[in-house]
Amino acid sequence: MPTISSFYGIIILMHLTSKEHNPPHIHAIYGEYEAIFYIENGEIYKGIFPKNGASLVKEFILK
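Using the numbering used here, you'd call the opening residue of the sequence shown number 83 and step up by one each time.
None of these hints come from the bench; they were simulated from the model. These numbers come from a predicted model, not from an experiment. Accuracy of the hints is not assured; some may be wrong.
Mimicking DSBU-like on lysine-lysine, the simulated pairs with C-alpha atoms at most 30 Å apart in a straight line are [unchecked claim]:
| no. | residue 1 | residue 2 |
| --- | --- | --- |
| 1 | K128 | K140 |
| 2 | K133 | K145 |
| 3 | K145 | K128 |
Using the sequences and the hints given, assemble the complete structure.
Structural data, given as structure tokens:
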């Protein structure tokens, strides 16, 4: 899973194969936290992430 971006210690990863499963999402890692975020709305789909970090990831997704 390649890294597509990193900022403020947050690493954003995404599967790039056509065999990827739905719903469309990205993975975000920040220290010991890891979560999956929906691409369509930037909300957390699965996992735990600090509130401030989740806001930054959502902003990254929606821009």
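Quiz item: CA of K133 to CA of K145, is that 30 Å or under?
Solution: OK: K133 and K145 at ~18 Å, within 30 Å.
Quiz item: For the pair supplied as a hint, K145 and K128, is the alpha-carbon distance within the 30 Å limit?
Solution: At roughly 21 Å apart (the allowed maximum being 30 Å), K128 and K145 satisfy the hint.
Quiz item: Taking only the CA atoms, is the gap from K128 to K140 under or equal to 30 Å?
Solution: holds, 14 Å
This entry satisfies every hint, going by the numbered hints stated previously.
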